[in-house]
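Please construct the entire structure, taking both the sequences and the accompanying hints into account.
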Amino acid sequence: MSWMQRLYKTYQQASAMDLPDAEKPVPAEHTIQNAHINIVIDKDGKFRRASVLEKTQIILPATETSQNRTGNDTPHALADTIQYVAKDYNDFGGEKKSFFKTYSNQLKKWCDSEFTHPKVRAILTYITKGRVVADLVEHGVLFIDSNKQFIRSWNNKDIETPKIYSVLPKTKGAIDPRTALICWTVEIDNDILTSADTWKDPTLFQSWIDYMGSTQVEKGFCFVSGDQQTIARLHPAKLRHSGDKAKLISSNDTDGLTFNGRFLDAVQAASVGSEISQNAHGALRWLISRQGYKNEDQITVAWAVSGKPVPNPAKDSWDYLNDENDDLPSAAIQSTVDLSTDIGQRAALKLKILLKGYRQNLDNTDQLSIICLDSATPGRMAIVYYREFMPDEYYEALNSWHESFAWFQRHLKEIPNEKGKEKKITVWPQIAPSPFSIAQAAYGKTLSPELKKQVLARILPCIVEGENRSFPFDIVQSCMNRACNRNSGDKWEWERNVGVACALYKGFFARHPQKEKRRFFTMALDEKNSSRDYLYGRLLAVAENLESLALYVAGENRATTAERYMQRFAERPFSAWRNIELALIPYKDRLRKNRAGFLNLRNKEISTIMDSFKRDEFVIDDKLSGEFLLGYHCQKMAYQNRESNTSESDNAENEGV
Amino acid sequence: MRNSISFRLWGQYALFTDPITKIGGEKCSYQVPTYEAIKGVLKSIYWKPTIIWHIDKVRVLKPIRTQTKGTKPLNWNGGNSLAIYTFLHEVEYQVEAHFVWNENRPELKADRVEGKHFTIAKRMLERGGRQDIFLGTRDCQGYVEPCKFGEGAGAYDDVDELAFNLMFHSFGYPDETGINELQAHFWIAKMKHGILEFPQAGDEALISRPVRPMTAKVFDIDKNQKSVENEEIAI
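Residue numbers (the working numbering), protein chains in the order written: chain A, 1 to 657; chain B, 1 to 235.
Just so you know, these hints were derived from the structure itself, not from any lab.
Computed from a prediction, not measured in an experiment: that's the story for all the values here.
Each residue gets a CB set at the ideal place from its N, CA and C atoms; glycine is no exception.
Please note: incorrect hints may appear among the correct ones.
[Stated by the list, open to error] Label-pair distances were calculated between CB atoms; the ranges are:
| no. | chain 1 | residue 1 | chain 2 | residue 2 | range |
| --- | --- | --- | --- | --- | --- |
| 1 | B | Asn224 | A | Glu396 | 54 to 60 Å |
| 2 | A | Lys163 | B | Asn75 | 45 to 51 Å |
| 3 | A | His241 | B | Val100 | 52 to 58 Å |
| 4 | A | Asn468 | B | Lys190 | 54 to 60 Å |
| 5 | B | Asn224 | A | Asp265 | 27 to 33 Å |
| 6 | B | Gly70 | A | Met390 | 30 to 36 Å |
| 7 | A | Gly256 | B | Lys190 | 32 to 38 Å |
| 8 | B | Glu103 | A | Ser242 | 54 to 60 Å |
| 9 | B | Asn75 | A | Asn468 | 53 to 59 Å |
| 10 | B | Lys192 | A | Asn364 | 33 to 39 Å |
Shown next as structure tokens:
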């Protein structure tokens with residue numbers, strides 16, 4: 001299928017890229033594992049020294065079966081655990097059966113073939129001596145007691161606990177030395193070109209790949225390339241992390257209903273070339289670790305085959321604006337954002353420039369793909385979304401998303417104040433909400449990991465497919481319901497919910513599935529808008545503003561009547577407004593003494609809004625649509641911006657939470 | 001062309017399973033139908049062992065949209081497992097196809113009556129198909145209706161070419177190929193201006209691969225097959 005083809009091409013490009021070897025994708029016939037002990041030998045197989053490695057992941061050569069092994073006797077090619085590598089494992093109290101024979105036979109075959117390597121020969125010489133554990137004990141890496149048995153847990157408080165005990169996984173407080181993975185370093189004195197460490201030596205990788213290629217003779221039809229290749233019997237796992245057992249292509253269901261019927265075994269149903277499968281999976285693993293976005297188990301990756309950076313649609317655009325170490329060409333980051341003044345519009349502009357920068361970095365013929373993976377069961381992984389794009393298509397879609405769904409979103413920004421310390425202020429950039437905020441705003445405390453995944457999977461097509469993909473209305477509906485309820489969370493959560501709900505409502509109508517119902521709302525306060533819902537929203541905002549100032553002046557920290565009545569207002573505006581107006585009277589009295597000017601201003605505004613209502617619409621008590629939230633928020637933001645520009649910033653809401 | 005019908009095929013969901021994902025159980029759909037899937041639709045409309053349907057052209061009308069659903073497929077030994085299937089959502093195609101006589105069945109020569117099969121096929125198409133129409137898998141219900149191929153606007157009319165790489169094409173069953181084995185055919189799929197033109201058997205664009213040995217089922221008039229004259233009377 002095309003996604004495998006794409007990944008294979010990406011692998012080829014990535015291997016050719018100018019990256020340090022540690023950052024390249026894992027080649028075929030190799031796997032990644034944590035290594036614990038490093039043994040250094042010379043070219044004649046003589047032991048030099050050994051040490052314990054902490055948190056080191058290495059690439060080691062392996063066979064298809066050993067990559068997928070689960071405890072039975074299948075050795076890796078070179079670096080493996082003590083149970084495989086040490087002939088003298090059982091002499092020191094090793095309880096399990098030694099797997100030395102299979103390991104050394106495999107290694108010997110490699111050495112005897114035409115693809116042998118001087119380092120491998122040195123290692124074979126060393127292990128046949130059968131002194132691995134003995135040498136490790138002599139040099140203080142492993143420890144034995146007076147009976148020459150392994151010490152499993154360190155109880156001696158006088159001597160500091162040796163590193164080996166902290167590095168190996170513990171069961172019931174005791175370690176099992178047989179699980180220690182040994183990696184080799186062969187020091188060939190005159191060889192300065194290749195790294196002495198066997199896991200960093202590309203010539204060693206290649207010799208193993210060539211040897212494996214020569215041993216596999218049987219070929220079959222590959223479903224990805226269309227030609228004859230050695231067929232993979234097992235496909236790689238470990239895509240999301242090195243302990244991940246989920247496989248994209250899994251072929252072991254011989255007594256289930258997946259392919260039985262016409263086909264008698266899995267290879268009849270589908271066969272993929274071994275090299276293609278390993279390389280494609282290697283590329284996927286590499287992409288996930290580099291630029292994947294993790295949402296519980298679900299991973300979203302956006303990539304270009306050429307390896308150039310591509311913005312990930314699942315990521316929050318606020319992160320893009322604040323990413324200090326962007327891997328973006330410097331030409332794009334020209335404009336700096338002046339944080340003390342209106343960040344709203346500038347943020348939107350900066351985002352646009354950023355996206356343009358990414359776009360200009362790509363050629364017109366670059367191939368972009370987006371894949372989203374998830375697993376329902378631990379052993380299998382499914383492709384939840386896959387789509388290929390041309391650069392223009394993708395950027396048009398992203399721009400459309402950020403324009404249609406842009407609204408004031410609540411974010412925190414750290415700016416240094418006069419003393420040089422970092423202070424957090426609330427800013428309201430005009431950008432689209434992130435999928436994570438949408439999920440939180442729509443479901444709040446009932447948000448479970450599965451729901452989070454589902455929301456992202458539903459929203460992803462809307463972000464990347466452009467203006468013809470309408471947004472699911474039920475998410476908009478739940479966001480609006482929760483935004484009207486002041487008690488849906490803490491104050492900052494509620495404010496954020498309002499921002500998200502407005503953004504979604506605006507975006508939904510910009511992309512309404514029925515073209516005649518499409519409407520475009522502006523983020524600026526529209527004083528000419530005389531629709532009933534909008535005006536009611538504005539009224540609510542004015543009332544809230546009035547009362548909140550009165551409370552602030554009195555030093556009280558309560559929710560305003562407007563906030564508390566918001567939900568009822570959305571259902572029955574006319575009767576709720578009556579109650580709010582009555583409740584405002586004592587606050588107006590308070591303000592008449594100290595803030596007469598302000599009070600007059602607000603009173604005038606209330607009467608202007610009342611006049612704007614069409615003849616009898618004010619008295620209708622019908623439920624309000626989401627447009628009232630837009631009016632409410634616009635008015636609220638207008639106050640905020642107006643006041644932050646004047647010196648008289650009495651409004652308590654300007655301070656960060 | 002002789003014995004040619006053209007119809008509109010649509011449905012809410014479609015699942016043209018990619019074989020690579022099929023074996024794991026987490027089925028993901030191809031973006032365009034396979035030859036075998038459309039042939040299945042034609043066979044549901046009307047089919048007799050005497051004829052072989054050939055598909056000339058398939059036109060994609062609606063934009064390709066996927067939707068993922070979690071499902072609980074059955075296990076052989078009872079109970080359910082969990083899987084995630086990726087369907088195509090809101091699909092509509094126009095198909096033009098014709099049938100020829102199956103020369104691999106000489107015993108049915110008497111059934112090759114000119115005109116009768118075609119009449120029945122057209123009548124069945126008007127009634128929406130003789131058997132249930134499904135798009136790929138049985139859970140994706142489809143509907144058919146006669147139409148003129150090429151009329152109406154399609155989402156991909158202006159798109160020069162969309163390439164889909166190697167895709168499954170169809171199976172070669174022994175009763176149609178004459179060889180006693182099951183074959184799988186593949187092709188490098190390309191959609192030009194929204195139209196897929198599948199290669200036919202014998203075309204070098206069709207890549208074939210044997211799967212396993214298989215023998216054809218034997219059909220005998222009036223023993224396990226109704227002759228076309230009796231069929232026409234019955235309908």
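Against the structure, the hints come out as follows:
Evaluation of the 54 to 60 Å hint for B:Asn224 and A:Glu396 yields a pass: the beta carbon distance comes to about 58 Å. Roughly 47 Å separates the CB atoms of A:Lys163 and B:Asn75, a value that falls within the hinted 45 to 51 Å. A beta carbon spacing of about 55 Å between A:His241 and B:Val100 agrees with the range 52 to 58 Å that was offered as a hint. Separation of A:Asn468 from B:Lys190 is about 24 Å and departs from the stated range, judged on CB atoms against 54 to 60 Å.
For B:Asn224 and A:Asp265, the hinted distance range of 27 to 33 Å is satisfied, since their beta carbons lie about 31 Å from each other. Between B:Gly70 and A:Met390 the beta carbon distance is about 31 Å. The supplied range of 30 to 36 Å therefore holds. A hinted range of 32 to 38 Å holds for the C-beta pair A:Gly256 and B:Lys190, which are about 35 Å apart. Range check, B:Glu103 to A:Ser242: Cβ separation about 58 Å, and the 54 to 60 Å hint holds.
The hinted window of 53 to 59 Å between B:Asn75 and A:Asn468 is violated, with their beta carbons roughly 40 Å apart. Range check, B:Lys192 to A:Asn364: Cβ separation about 21 Å, and the 33 to 39 Å hint is violated.
Checked against the numbered hints listed earlier, the structure breaks hints 4, 9 and 10; every other hint is satisfied.
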